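2 protein chains.
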Amino acid sequence: MDALDIVMNKQNVTAYLQPIISTDRQEITGYEVLGRYQDEERSISLRPFFQDKTIPEEYRREIEEQIHHQALTSFLDGNRTEHIFLNVDVDLILTDGGEHFFEKLSSYKDYGLSFSRLVLECKEHDFEGDVSRLKHFIQYVQSMGIRIALDDLGKTSTPLDEIAYLNPDIVKVDLEFLADQSFPEMYREALHSLSVLSGKIGASLLFENIKEFNQLHFAWKHGARYFQGSYLGRPDLSFLDKMTFAETLRKHFNDFLFFEKKKIEAQIELTDTLAKRLERVVKDKQNPDDIDDLTLHIADELKDLSFRVYLCNYEGFQQSGNAFLDEDGMWQYQFEEKNRNWSWRPYFLENIVRMNIEKKGILSDLYTDIHKEERIRTYSYPINENLYVFVDIPYSYLFEKDFLL
Amino acid sequence: MDALDIVMNKQNVTAYLQPIISTDRQEITGYEVLGRYQDEERSISLRPFFQDKTIPEEYRREIEEQIHHQALTSFLDGNRTEHIFLNVDVDLILTDGGEHFFEKLSSYKDYGLSFSRLVLECKEHDFEGDVSRLKHFIQYVQSMGIRIALDDLGKTSTPLDEIAYLNPDIVKVDLEFLADQSFPEMYREALHSLSVLSGKIGASLLFENIKEFNQLHFAWKHGARYFQGSYLGRPDLSFLDKMTFAETLRKHFNDFLFFEKKKIEAQIELTDTLAKRLERVVKDKQNPDDIDDLTLHIADELKDLSFRVYLCNYEGFQQSGNAFLDEDGMWQYQFEEKNRNWSWRPYFLENIVRMNIEKKGILSDLYTDIHKEERIRTYSYPINENLYVFVDIPYSYLFEKDFLL
Chain A
1 MDALDIVMNK QNVTAYLQPI ISTDRQEITG YEVLGRYQDE ERSISLRPFF QDKTIPEEYR
61 REIEEQIHHQ ALTSFLDGNR TEHIFLNVDV DLILTDGGEH FFEKLSSYKD YGLSFSRLVL
121 ECKEHDFEGD VSRLKHFIQY VQSMGIRIAL DDLGKTSTPL DEIAYLNPDI VKVDLEFLAD
181 QSFPEMYREA LHSLSVLSGK IGASLLFENI KEFNQLHFAW KHGARYFQGS YLGRPDLSFL
241 DKMTFAETLR KHFNDFLFFE KKKIEAQIEL TDTLAKRLER VVKDKQNPDD IDDLTLHIAD
301 ELKDLSFRVY LCNYEGFQQS GNAFLDEDGM WQYQFEEKNR NWSWRPYFLE NIVRMNIEKK
361 GILSDLYTDI HKEERIRTYS YPINENLYVF VDIPYSYLFE KDFLL
Chain B
1 MDALDIVMNK QNVTAYLQPI ISTDRQEITG YEVLGRYQDE ERSISLRPFF QDKTIPEEYR
61 REIEEQIHHQ ALTSFLDGNR TEHIFLNVDV DLILTDGGEH FFEKLSSYKD YGLSFSRLVL
121 ECKEHDFEGD VSRLKHFIQY VQSMGIRIAL DDLGKTSTPL DEIAYLNPDI VKVDLEFLAD
181 QSFPEMYREA LHSLSVLSGK IGASLLFENI KEFNQLHFAW KHGARYFQGS YLGRPDLSFL
241 DKMTFAETLR KHFNDFLFFE KKKIEAQIEL TDTLAKRLER VVKDKQNPDD IDDLTLHIAD
301 ELKDLSFRVY LCNYEGFQQS GNAFLDEDGM WQYQFEEKNR NWSWRPYFLE NIVRMNIEKK
361 GILSDLYTDI HKEERIRTYS YPINENLYVF VDIPYSYLFE KDFLL
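Chains A and B supply the protein sequences, listed in that same order. Using the UniProt record's numbering, you'd call the opening residue of the first sequence number 1 and step up by one each time. Using the UniProt record's numbering, you'd call the opening residue of the second sequence number 1 and step up by one each time.
In case anyone wonders, no lab produced these hints; they're calculated from the structure. Computed from a predicted structure; not experimentally measured. Just to be clear, a hint being listed does not mean it is correct.
Note that the list lumps identical chains together, so a pair holds whenever it fits in one copy or between two copies.
Computed cross-link-like contacts, DSSO-like style, restricted to lysine-lysine with a CA-CA straight-line distance of at most 27 Å [to be verified]:
#  : residue 1 : residue 2
1  : LYS303    : LYS283
2  : LYS372    : LYS135
3  : LYS261    : LYS359
4  : LYS262    : LYS359
5  : LYS276    : LYS360
6  : LYS338    : LYS221
7  : LYS338    : LYS261
8  : LYS360    : LYS261
9  : LYS263    : LYS360
10 : LYS221    : LYS359
The shape of chain A in the complex, shown without the other chains:
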């Protein structure tokens, strides 16, 4: 519909509120303010209006201010104690250096608004200026005690180093893509990396567009501090009781906990099983005369759950070749792999030192094997202080066992 219709009929513009729920309390901790236009019998999202940069700035600013005003007035009249998340267009704000926007925002302090309850949502990908200018804006806002949420991550691609550079208080990740079950595993890996990075830089993760159970599970599993989406609360005209979703979430958490415990217990059980088997296999062989022979012996004894076996010393240099299970189920011995150094691989060295001190084996996380292009785990075990065996476990074995994938 036409932008002019909206500006000429401002009375039809309404602020909707979508609840944001905290994971640690399971209570509503804030509301995102969303603009809607009432057109006869339906309510139209104003998001396209704000994203259309061909619409004059004055129009967009006027409507944005009205929406913010409606929401802030409701918030203050109701003596709300939650946070209020306002969507802002930083390009729009900075046309005059930000003076008008902050002046207007500060005027609400006279009516009881505390800046510590305000969160401004910025979309980095929409920002047309230089990223360092956005950085300065964010720092200025944070210095006023207002928090910043970096919006729409997951839906658009924002590099991790830019997120780290901008250093927002909240990282908003859009889970819309996760509704499609066929989506590649690799995107999940990328999102997992985003989750880990957020934890490292001290930003809180907010997962939005949660429309179904599996998205809620994904968010919880990947360190979401806040949840948002129609599976919980839809945008509406009024505020809700803080505890509206608490019981539902607690039930879900119990389900998630049960499942995750099963996975961790399965890993520990497999570790124990493998420890017993390796202990038996290498008994009386702690100082082998023939390392190649020992490698093949171990491989034979673990044929049911392994496709590759090799031995390394304390420095990570391979002392054996690779025992590699071929497609006919025969062990091939690749002598040329001897003397490779693996100390540069993530966690490799740490695992060797731990095995040396704790005298027990370690099961790795899932990762993609470069040669097999499938997800595997590696079990490593100390034979003596300077000899460690590495057993690569194929996807087919992990798939057959419960909870190991």
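Assemble the complex: chain A is given as a structure, and chain B must be docked to it using the hints.
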């Protein structure tokens, strides 16, 4: 200098070769081909020529082909067994759908070139078409047995999900920024995430622009499978002996190993120390009547190395408030923190299950505390099957001990 000068003086265009060294063998495993223009007494990089899209495509294609031809001819004449990395402009190649380029490349097969030795280096950020078109190009190239390296990551910002989507064989990360010691820690975190992601999707990491020791150390520590840079080999006109850098690298690896072992040993030592102290502190208190009292008791006993202490149950719900050390060194007790759920935090639940089964404490990695904005570690310890204490260790303590940061 002028583009026309280059095209009119093609005889001055020369292919230079920069060695790429593998971490696992410490030997030269490939060469990147770089174009240079000999101008009287100096040799000028042709990189700006290729990056300038205002220069006619025909000019750029002609010079690119000459450089590739020189390098491939040298490679084949010398019966080289390494990989050869050719820089390509995918926009340029796809102007005719790729027909001319692949026809020309295939002609070298008649002279003994194996496609398994070829790596094409693409710069994703330079590609002007739709990313799915680049994806199809990459898949087609890989189907021919040629490998793809995604270039210039680290120098430019490429989102992780795009890297995962494009699924290159090699991820080339530029370490030029790391020469500046003052660079924010957060970029290192972002780069670490890139390293972990590469491992997960099965791509090999190549760190380039390694000019000094600390960059080599960083690359090794973050899972580099390949090294490239003037600290090792500079671009030159000829091939080198495969083992040219092996001894130097092995010495460096020994240095890195020593340092990393010290760090891991320090973590294990601290874990043991804390286990002994907690064992003593909670002795006879495994089933406390007053959880708040126990929390403060533990806090008092660990005042020298802690700033926050709290207790959680098996499901991750906080059973105590927070004992929090204020700026005057007094423990404050924050009752309002009781009942928070932490099961969503990365590794939290896994650690609880492990503690329950293994009956011992766990020291976390370094991470940034949201409230203190500093890097901390958390030590967790089982009091009984349904009660776990979490001790947050401040940066000041970690800084004073060797190897804990």
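Measure nothing new, just compare the shortest in-copy and cross-copy C-alpha distances for LYS221 and LYS359 to 27 Å and report within, between, both or neither. between (31 Å within a copy, 24 Å between copies)
Intra- versus inter-copy proximity for LYS221 and LYS338 (alpha-carbon distance at most 27 Å): Classified as between: cross-chain Cα gap 22 Å, same-chain 39 Å, threshold 27 Å.
Could you figure out if LYS263 and LYS360 sit no more than 27 Å apart (CA to CA) within one copy, between two copies, both or neither? both (20 Å within a copy, 20 Å between copies)
State whether the alpha carbon distance between LYS303 and LYS283 is at most 27 Å within one copy, between copies, both, or neither. So LYS303 and LYS283 pass the 27 Å test inside one copy only (18 Å; across, 46 Å).
What label fits LYS372 with LYS135 when the C-alpha limit is 27 Å: within, between, both, or neither? Intra 43 Å, inter 21 Å, cutoff 27 Å: inter-copy only.
At most 27 Å between alpha carbons: which applies to LYS262 and LYS359, within, between, both or neither? Both, since 26 Å and 18 Å are each at most 27 Å.
How would you classify LYS360 and LYS261 at a CA-CA limit of 27 Å: within, between, both, or neither? both (22 Å within a copy, 17 Å between copies)
Under a CA distance limit of 27 Å, which applies to LYS276 and LYS360: within one copy, between copies, both, or neither? Both: 10 Å inside a copy, 21 Å across copies.
Is the C-alpha distance from LYS261 to LYS359 at most 27 Å within one copy, between copies, in both cases, or in neither? both (25 Å within a copy, 16 Å between copies)
Tell me, please, which holds for LYS338 and LYS261 at an alpha-carbon limit of 27 Å: within, between, both or neither? Classified as between; 23 Å across copies, 39 Å inside a copy.
Violated hints: none; the structure is consistent with every hint.
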